[in-house]
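Once you've looked at the hints, dock chain B with the ligand against the given chain A.
For the protein sequence lines, the chains are A and B, in the order given. The first sequence begins at 1 in our numbering and counts up by one. The second sequence begins at 10001 in our numbering and counts up by one.
Accuracy of the hints is not assured; some may be wrong.
As the list claims (entries may be wrong) - Partial list, derived from the structure: chain B residues whose beta carbon lies under 10 Å from chain A:
# : residue
1 : 10168
2 : 10708
3 : 10709
4 : 10899
In short, the hints are calculated from the structure, not lab data. Note that this is a predicted model, so its numbers are computed, not measured. Note that the Cβ used here is the ideal one computed from N, Cα and C, for glycine as well.
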Amino acid sequence: MLLINCPYCGERPELEFVHGGQAHIARPANPAECSDQQWADFLYRRDNIKGLHAERWRHTHGCGRFFNALRDTTSDLFLATYKVGEQPPTQAQLKGATA
Amino acid sequence: MSQGLRTASGGRINRARPVRFTFDGRELRGFEGDTLASALLANGVHLVGRSFKYHRPRGVLTAGSEEPNAVVAVRRDAARVTPNLRATEVELYEGLEAHSQNRWPSLELDAGAINGLLSPFIPAGFYYKTFMWPRRAWQRLYEPRIRAAAGLGLAPEHPDPDSYSNRFAHCDVLVVGAGPAGLAAAQSAAASGARVMLCDEQPELGGSLLGEADPGASLGESGREWLAGTIRGLLANPRVTVLTRTTAFGYFPHNLIGLEQRLSDHLAQPDLKQPRERQWQVRARQVVLATGAIERPLVFPGNDRPGVMLAGAVRTYLNRYGVLAGERAVLITTHDEAYRSALDLRRAGATVTIVDARDGASSELAEAARREGLTVHTATTVIGTRGRLRVKSVQIQKLDAHGQARGATERIDCDLVLMSGGYTPSVHLFSQSRGKLAWSEGLQAFLPAESPERVRCAGACRGVFSAAAVRSDGESAGAQAARDSGLTVNTVIGEPQPVQSSGAAAPGDLPQPGGEPAAKAFVDWQNDVTSRDLLLAAREGFRSIEHVKRYTTTGMATDQGKTSNLNALAIVARQLGKSIPEVGLTTFRMPYTPVTFGSFAGYSRGELFDPIRTTPIHDWAARQGAVFEDVGLWKRARYFPRNGESLHAAVARECQAVRSGCGLFDASTLGKIEVVGKDAVTFMERLYVNGWTNLAVGRCRYGILLRDDGFIYDDGVVARIAEDRFHVTTTTGGAARVLAMMEDYLQTEWPDLSVWLSSTSEQWSVIALQGPRARQVLEALVQDVDLSAAALPHMGAATGRICGIPMRLFRVSFTGELGFEINVPADYGLAVWEAIHAAGEPHGITPYGTETMHVLRAEKGFVIVGQDTDGTVTPDDAGLTWAIGKQKPDFVGKRALERPAMHSPERKQLVGLLTAQPHVVLTEGAQIVLDARATPPTLPIGHVTSSYYSATLGRSIALALVRAGRSRMGQTLYVPMPGGNLAVQVTSPVFYDPKGSRLNA
Ligand SMILES: [Zn+2]
Chain A
1 MLLINCPYCG ERPELEFVHG GQAHIARPAN PAECSDQQWA DFLYRRDNIK GLHAERWRHT
61 HGCGRFFNAL RDTTSDLFLA TYKVGEQPPT QAQLKGATA
Chain B
10001 MSQGLRTASG GRINRARPVR FTFDGRELRG FEGDTLASAL LANGVHLVGR SFKYHRPRGV
10061 LTAGSEEPNA VVAVRRDAAR VTPNLRATEV ELYEGLEAHS QNRWPSLELD AGAINGLLSP
10121 FIPAGFYYKT FMWPRRAWQR LYEPRIRAAA GLGLAPEHPD PDSYSNRFAH CDVLVVGAGP
10181 AGLAAAQSAA ASGARVMLCD EQPELGGSLL GEADPGASLG ESGREWLAGT IRGLLANPRV
10241 TVLTRTTAFG YFPHNLIGLE QRLSDHLAQP DLKQPRERQW QVRARQVVLA TGAIERPLVF
10301 PGNDRPGVML AGAVRTYLNR YGVLAGERAV LITTHDEAYR SALDLRRAGA TVTIVDARDG
10361 ASSELAEAAR REGLTVHTAT TVIGTRGRLR VKSVQIQKLD AHGQARGATE RIDCDLVLMS
10421 GGYTPSVHLF SQSRGKLAWS EGLQAFLPAE SPERVRCAGA CRGVFSAAAV RSDGESAGAQ
10481 AARDSGLTVN TVIGEPQPVQ SSGAAAPGDL PQPGGEPAAK AFVDWQNDVT SRDLLLAARE
10541 GFRSIEHVKR YTTTGMATDQ GKTSNLNALA IVARQLGKSI PEVGLTTFRM PYTPVTFGSF
10601 AGYSRGELFD PIRTTPIHDW AARQGAVFED VGLWKRARYF PRNGESLHAA VARECQAVRS
10661 GCGLFDASTL GKIEVVGKDA VTFMERLYVN GWTNLAVGRC RYGILLRDDG FIYDDGVVAR
10721 IAEDRFHVTT TTGGAARVLA MMEDYLQTEW PDLSVWLSST SEQWSVIALQ GPRARQVLEA
10781 LVQDVDLSAA ALPHMGAATG RICGIPMRLF RVSFTGELGF EINVPADYGL AVWEAIHAAG
10841 EPHGITPYGT ETMHVLRAEK GFVIVGQDTD GTVTPDDAGL TWAIGKQKPD FVGKRALERP
10901 AMHSPERKQL VGLLTAQPHV VLTEGAQIVL DARATPPTLP IGHVTSSYYS ATLGRSIALA
10961 LVRAGRSRMG QTLYVPMPGG NLAVQVTSPV FYDPKGSRLN A
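So here's chain A without its partners, still in its complex pose (with noise of 0.2 Å):
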């Protein structure tokens, strides 16, 4: 069972928390645009990654929250927890923060 941070409510454990999947992944603002092949790479292409993954939690049982998490999948190990609509922290900022 996963420790996660929740950038609103600090660590708590994977129990009260829900995977939404890999994240930065944008809703087209004109889907009417879209092809066909863009509209199922939105639905259904996602990255199979080994190592640092981006990808989405909401803190169903506390604050409700979604928020986007930075995750070793080699390791299980968080890297960063941040807020929707902020970027992922940059390698330098990592390195950063862990030194």
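Chain B with the ligand in isolation, oriented as in the chain A frame:
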């Protein structure tokens, strides 16, 4: 029988407290402080079980949780039988009743031992090779027979009467293992003020020291005092939690460790009010693993006879339990440490012959052994043993300069064989932490390397063996862990001790004459895997150790290969011509030792297994004799039988009442979401397929929600309560996921919208009053709402009061009749329900359940999401295109609906089906085919989604999804059933009142 092999004095048993117990019905005596294994050995009982495959006689091999052989069932009563317990861990109590396993009719005379004679015909992979064909024979013949002959122990036949507890805990430093390393680590961490948890699987702290003749003495000067003082200090420290009889069985991500604490298994009279076990989930900032090491057996022919034991185990039985396991012993070793066992046995009065496979064992210990007058054969191998139920002799042979078994042979008579191939560090938990392991040439073992978790190892589990070094290593690890958990450590933190070379020979099997693989040289005792089986697997082309494991089943039994893995690996590696690290390790799976199901279930049993949701009207319905059904977690009244009515009769009566008079239905389980805010209408426009801007306040609309892939996700009536307020209803099962989807879009796609979402499912009681007389019933109770058809037409909504209670009143119908849904605050639900029921009595009001609701809606062709749809159904497939707002530029799912495949005429479409024989009710889920004579296999063109007998229509009706269904009106299709293909006619899905005049009344 007397405890003939008990020493005169010594050990940690309480000789003043004799304990009676039985083994296979035989009455025996031991002492308080014994394990079942030590007490059996004290009574001269070496034969304790039969092996899994060959039913070979087996004895106690070890003195700890790694035991593969001495696996027994302990019985308190018919319900409390625990199979597959290791006798080496079972603490003796007065009246303990233990049974051997895997034998028939008795342990001494086992009919299954014929398998041993057949062993040349039961090689590795035998089950896979022999029982392949035919499939039916596997199910009916082979599998039951194999399960009866093999298998480990029997499950109890009654429900478990014990209770089990769960607990979460947090600490700065969790120390696993209370041997010298763990004690030192816990003490040094606690000295820094850390909140420490220390757990150990044994009933007593001390770990390996408990097997010493003088525990603590080996730690050096003042070692005894240090040991006693440390234990006292830890027990007295309020910031330290010490858990004995507690196994750390699993290492989960982010330093979550599962602990299994056995609370009452050691008690003669457990208090049934107290839990039997407690499972802890400990979240530790830092973990110190001090899990020790497990002695490796040697692989030689006949190494599995009762009386063949690990050298360290024999020493533990002698020193800790005062049991001399035999009087004429042979020690077979490739490792120095085992000499201690020989010397201790000698001092206790046994004769000991040492057979060391290494050339010129010249360590201090070997010299000491010779000085003590022991015979030491070096450069000597073992080529066989004898003795049916107990080892009687050992056959040895001299090795030549090349390590080949070519020299003179000799037979040594004995009643006990000790063996030792060195120690394998217990890296199980470390490996479960996703820690990488590194091969140590000097130790001939895998050692912990890097882990992503905040964990460090101390002592023997990382290759530090000498007692004094182990203590320093533990102190260092404990202080470092305290520091890394964020505490200030004021003392100087020592460095971890260097890994020591053990002088052990390589793992694997001992050399045999002619270089041939030995027969009956066991590697995995519990699963009966020999070195020959492993060689066969390698010869047959298995290269991956994971495949070899599955093919031979080595390391797969309840002991998970604790004693066998490294030997198996070495044998396979040699055959493949690779090094051990090249072959690699199999996964160390949790649990470390078996954990009871009860402890995982914890409190979640019986009524507490799952929450039960009931409506405010539930008890009323129960008093009326309603039969309930489970819908998700909800209990819903399915029908209200009167005077022993059948389901069929009750539903027919209830349907008739609604169609001709009025019926009352508890719809409180409907999901309800309040959508509020200045952008509420924009939000609804973007989410649902319907148009909402033009929905006036005081009106309802049937809303459809798609996913962005275009398929129906949920549906429900939506009422506009105010310009900025919608009362959205969802399906009973969809409430939570619809709210989650709304939150997702609102928070992540449209955070600019000013909208609040609140679940109100539990806040409103919903009472559906349906039927031609519904208005008359309601008029008596409602004063401030005009209920006339003109003022409140179909799909009208109003707020007002009923019986003085505030309500939201929707004129909606899921039955096709004039109908109202009365929403009142849940606390008033029952009172209003009873008032309506009383007011309706002159009109023959009839409560009805979900079954009648289903029939009535099916007569009208109303779909139920999740029954008539399955996640691949578009609004058009379901005949609901009319609901889509045509002018909307976008809504969730719109773009996907424009894909060509989504309006292919060949899609499955919702239709009605009428059977040729009106009284035949189709089976829901049945397939539909084109051809009257079709026999399987044939391609179905659709399936039945809903099917009922309609009392109103006097015949059966069904809804179905059929390929190009709307183009098949009037066509005859067929539903294949066991009795033959049933002819059905395709019709409109609306069977009753297609013009809708009744619900507009
Ligand atoms: Zn939160």
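These are the hints, each one checked on the structure:
1. Among the interface hints, the one on residue 10168(B) holds; its C-beta lies about 8 Å from the nearest C-beta in chain A, closer than the 10 Å criterion.
2. Here the hint on residue 10708(B) is kept, as its CB sits about 6 Å from the closest CB of chain A, short of 10 Å.
3. This hint holds: residue 10709(B) has a C-beta 5 Å from the nearest C-beta of chain A, less than the 10 Å allowed.
4. With a least beta-carbon distance of about 6 Å to chain A, the hint placing residue 10899(B) at the interface is held under the 10 Å criterion.
Hint compliance for this structure: no hint is broken.
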